[in-house]
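Visitor: Same order as they appear, the protein sequences are chains U and F. Going by the numbering used here, the first sequence opens with residue 1, and the numbers climb by one from there. Going by the numbering used here, the second sequence opens with residue 1, and the numbers climb by one from there.
Quick caveat, the hints were computed from the structure, so don't treat them as lab data. Hints may be right or wrong, so weigh each one.
Claimed, not checked - A short, non-exhaustive set of chain U residues, derived as facing chain F with CB atoms under 8 Å:
1) 5
2) 6
3) 151
4) 154
5) 180
6) 184
7) 252
As the list claims (entries may be wrong) - Non-contacting residues of chain U with respect to chain F, defined by C-beta distances greater than 12 Å in every case (computed):
8) 26
9) 33
10) 50
11) 56
12) 57
13) 83
14) 126
15) 177
16) 235
17) 253
Where is the CB? At the ideal position from N, CA and C, for every residue including glycine.
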Amino acid sequence: MSRAALLLCQVLVAVVVLALWQVFTTVPLFGRILLPPFFFSNPIDVFSQIINWFASGVIWKHLAITLWESILAFVIGSALGILVGFWFARQPRVAAVFDPYVKMTNALPRVVLAPIFALWFGLGIWSKVALGVTLVFFIVFFNVYQGVKEVSTTVLDNGRMLGMSERQLMRHVYWPSALSWMFSSLHTSVGFAVVGAVVGEYLGAAAGLGYLIQQAEGVFDVAGVFAGMFVLSAFVILIDMAVTVVERRLLVWRPAAAREA
Amino acid sequence: MNQAMDKAKPTAVALEDATVAFRLADARVYTAVERARLAVAHGEFVAIVGPTGCGKSTLLNVAAGLLKPAAGAVTIFDQPLAGLNRDAGYLFQADALFPWKTAIDNVAIGLEIKGTPRQKALEQAQAWLTSVGLGAFANRYPHMLSGGQRKRVGLAQVLIRDPKILLMDEPFGPLDAQTRQVMGNLLLELWTADRKAVLFVTHDLEEAIALADRVVIMSAGPSSRIIGDWRVELPRPRDIFEVRLDKQFHELHREIWGVLKEEVMKGYAQSTQAGGTN
Ligand SMILES: Nc1ncnc2c1ncn2[C@@H]1O[C@H](COP(=O)(O)OP(=O)(O)OP(=O)(O)O)[C@@H](O)[C@H]1O
Ligand SMILES: [Mg+2]
């Protein structure tokens, strides 16, 4: 399929879905409306809500808050993940001691931490950042740990034979290997940073996309809920595209096949 | 069979009855090499030939200090080897380039870690890449190079540090016959300039005779031993293309091959047997 044809088909799917949605929620078929508008709203209301948000400019504040929380969660979570990942990989004994606790913490569904974080850090951005950090941390941690452990022994021996000290091995061998593993999970970790922020907002906040959706839901404004969902999807797609650009630059040295995986 | 040892010069690498054993997963012990006795004089080019799996790479690892022999001693310039062999440059059999560095960075790193300023290291690296015929490939990452090109980058990476001892494990393995000869001549040219001690592993007997001062044959494993040591009296400087036409070359080849052939058959039989019983 050519690019144009593909794009046409993709647009067609959206048009058909939106048209069906509009028809089922507004036009009576067989004597009744199939999807009650109270629960399903309709595309026109949803889009006028979105346009309204952008026209009045209220949305920008919420987007900015969610973006900021996501960035903080990603940066802090990654930094901690790298630090601990390196530490555990280089100190197998420490790793062995903490292993069951790491597994236990990771097994915990992070949502249950949200109320605790709200208590500890208040309703501001930091409780959301904390939630995102707990999600991002484990992904980065596992990947960095793996990256340090999985360095090819031949490459390592080569570094040693070329005269590298422990510090130089760290910089020229372990670090790039760990980063490559971390970058290969960049989409997941960035995605989780956003999830942490939005879920945190949804469970208690004064601003952000999650808060917007929760508010709309609170007053049974279904159009508002859908509008919030669409804005959130677009937001995530934009971030994901940015990640792809960054990834392309950082992982140029990897064969294309491995990069796709 | 003679141990050529120039008394005036120190011995670059000496293995004295080195035995190497590996502990297998099921707690058995596999003796790969038994009582290997080998001396490489300063400035001497020694080739090791033997059937696959006999322990050639193992022997190089011992000389590099990456593997400790279970028994026996290793001396480097008459000093017992403790830890890594700092005088040696090692061209590994497996891919050993840093996949996250470009060809030129892979070569320059050897100087950079010694504290050479980056700009200067890069200039020299470019010169080395050019001399192994890869001047135009400086900015490629290893995965964008062919197996043979990677080997040549590896060669430049090792040579730029100017090691006194050169350990090479089938460096021309993935090259085609013609490029092999070109690279062989290049290696001889570089070696003639400063006469490093070279320990060169190959499975190609002709290549071994054409390049080396001495050809050492190992028996099939397990418990592989050094079973032959021939001096190659062909005059230097040699040209790999022409040396193969020499009558002396053919006589030596026939003589060594007589011994090697038997080991190759033995090695092959053993490995298929081992594969069959598993
Ligand atoms: N880490 C190890 N553990 C157990 N056995 C090993 C280990 N490394 C090598 N061996 C065994 O020791 C023997 C010698 O291995 P080595 O790699 O030195 O062979 P080689 O002569 O270099 O073979 P090739 O020509 O195929 O490269 C082989 O039988 C191999 O299976
Ligand atoms: Mg080998």
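Visitor: Next, verify each hint and record whether it holds.
Guide: Against the structure, the hints come out as follows:
1. 5: violated (33 Å)
2. 6: Hint violated; residue 6 (chain U) Cβ to chain F Cβ min 29 Å, cut 8 Å.
3. 151: violated (10 Å)
4. 154: holds (5 Å)
5. 180: With a closest approach of 7 Å, the residue 180 (chain U) hint holds.
6. 184: This interface hint is violated because 13 Å lies over the 8 Å limit.
7. 252: holds (7 Å)
8. 26: holds (56 Å)
9. 33: Label holds. Min Cβ-Cβ 59 Å, cutoff 12 Å.
10. 50: Non-interface label stands for residue 50 (chain U): nearest chain F Cβ at 43 Å, farther than 12 Å.
11. 56: holds (48 Å)
12. 57: holds (45 Å)
13. 83: holds (21 Å)
14. 126: The claim stands: residue 126 (chain U) keeps its Cβ more than 12 Å from every Cβ of chain F (closest is about 36 Å).
15. 177: violated (8 Å)
16. 235: Given that every Cβ of chain F is farther than 12 Å from that of residue 235 (chain U), nearest at about 32 Å, it holds.
17. 253: violated (4 Å)
Hints 1, 2, 3, 6, 15, 17 from the earlier list are contradicted by this structure; the remaining hints agree with it.
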